[in-house]
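Undergrad: Quick mapping for you: the protein sequence lines, in order, are chains H and L. Everything in the first sequence is counted per our numbering, starting at 1037 for the first residue and increasing by one. Everything in the second sequence is counted per our numbering, starting at 804 for the first residue and increasing by one.
A couple of the hints might just be wrong.
[Said to hold, decoys possible] Simulated pairs of lysine-lysine, BS3-like, Cα-Cα distance not exceeding 27 Å:
#, chain 1, residue 1, chain 2, residue 2
1, L, 844, L, 911
2, L, 820, L, 806
3, L, 911, H, 1093
4, L, 859, L, 806
5, H, 1047, H, 1093
6, H, 1047, L, 844
7, L, 859, L, 871
8, L, 806, L, 871
9, L, 806, H, 1093
[Unchecked claim] Negatives, chain H to chain L, calculated, CB over 12 Å:
#, residue
10, 1049
11, 1050
12, 1051
13, 1052
14, 1054
15, 1058
16, 1102
17, 1104
18, 1107
19, 1110
20, 1116
21, 1117
22, 1123
[What the hints assert, rightly or not] Beyond 12 Å from chain L on every Cβ pair, some chain H residues (computed):
#, residue
23, 1055
24, 1057
25, 1063
26, 1106
27, 1112
28, 1120
29, 1121
Rather than coming from a laboratory, the hints here were simulated on the basis of the structure. Only a predicted model underlies this, so the values are computations on that prediction, with no experimental measurement involved. For glycine and all other residues, C-beta sits at the position ideal for the given N, C-alpha and C.
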Amino acid sequence: GAGVSQSPSNKVTEKGKDVELRCDPISGHTALYWYRQRLGQGLEFLIYFQGNSAPDKSGLPSDRFSAERTGESVSTLTIQRTQQEDSAVYLCASSRQVRDTQYFGPGTRLTVL
Amino acid sequence: ELKVEQNPLFLSMQEGKNYTIYCNYSTTSDRLYWYRQDPGKSLESLFVLLSNGAVKQEGRLMASLDTKARLSTLHITAAVHDLSATYFCAVEGAGKSTFGDGTTLTVKP
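With the rest of the complex left out, here is chain H:
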């Protein structure tokens, strides 16, 4: 079946603009995660959703970052008033349940000029 998909694959924006990144998880996966990966670094946890439970937002770096998920499907990560330090690859992953193996999407490369 289809894997995790993300769009856009690349996004270039100007400092101060808002951006919205989209993630389509694998069908039937109840858990969905967002990570940020800066160049040459490891993954930084941002937020995860599990079913209808309240999301764990503990990794969001500032109140400019927010995420939503519609039921057990699509999720969007929104970054308001982007800053240059937001430039990174944003990876989405999904798993059948929380604590199961995560399957990663191809990522969205965000460049803030």
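Let chain H serve as the given structure and place chain L on it in line with the hints.
TA: Structure of chain L alone, referenced to chain H:
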């Protein structure tokens, strides 16, 4: 706060040689993952280790977990060029995974 440390961060080795990557973590966990990432690509799951003493092998890679020592190892046997990639360990805690900084492996002929 859960911390995960990998070493080495960079590893250059010759084809045919053996080597081990180490992953240490700071708090108790019963679930550890190894992932592979090729340049410009996303992460691919390699192994899930669920209990103390767990060992899993696929091809030239073998992963093990010692929960008492809070240590996992990824052993590479007779390396080949195709294994060149960045390898991440991730430790599960409170429903989310904390990743190490990755070990970038380059296998030279």
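Undergrad: Minimum Cβ separation between residue 1123(H) and chain L greater than 12 Å?
TA: holds (16 Å)
Undergrad: Take a quick look at residue 1104(H) and tell me if its Cβ sits farther than 12 Å from every Cβ on chain L, holds or violated.
TA: holds (18 Å)
Undergrad: Starting from residue 820(L), check that the Cα of residue 806(L) is at most 27 Å away, please.
TA: It is violated: about 30 Å lies between the C-alpha atoms, which goes past 27 Å.
Undergrad: Going by Cβ atoms, does residue 1106(H) stay more than 12 Å from chain L at every point?
TA: holds (20 Å)
Undergrad: Beyond 12 Å on every Cβ pair: is that true for residue 1102(H) relative to chain L?
TA: holds (18 Å)
Undergrad: Check the hint pairing residue 806(L) with residue 871(L) against an upper bound of 27 Å on the C-alpha distance.
TA: holds (16 Å)
Undergrad: Are the Cα positions of residue 859(L) and residue 871(L) separated by 27 Å at most?
TA: With a Cα-Cα distance of about 18 Å, the restraint between residue 859(L) and residue 871(L) holds, given a limit of 27 Å.
Undergrad: Hey, does residue 1049(H) actually stay past 12 Å from chain L on C-beta?
TA: Holds, because the least Cβ-Cβ distance between residue 1049(H) and chain L comes to about 21 Å, which exceeds 12 Å.
Undergrad: Decide, holds or violated, for the assertion that all CB atoms of chain L are farther than 12 Å from the CB of residue 1063(H).
TA: Given a closest Cβ separation of 18 Å, the condition holds.
Undergrad: Grab the minimum beta-carbon distance between residue 1058(H) and chain L and tell me whether it stays above 12 Å.
TA: holds (15 Å)
Undergrad: Just checking, residue 1050(H) versus chain L, shortest CB gap more than 12 Å?
TA: holds (24 Å)
Undergrad: Residue 1117(H): least C-beta distance to chain L exceeds 12 Å?
TA: With a cut-off of 12 Å, residue 1117(H) remains clear of chain L, as the shortest Cβ separation is near 26 Å.
Going down the numbered hints, you'll see the structure goes against 2 and 3, while the others check out.
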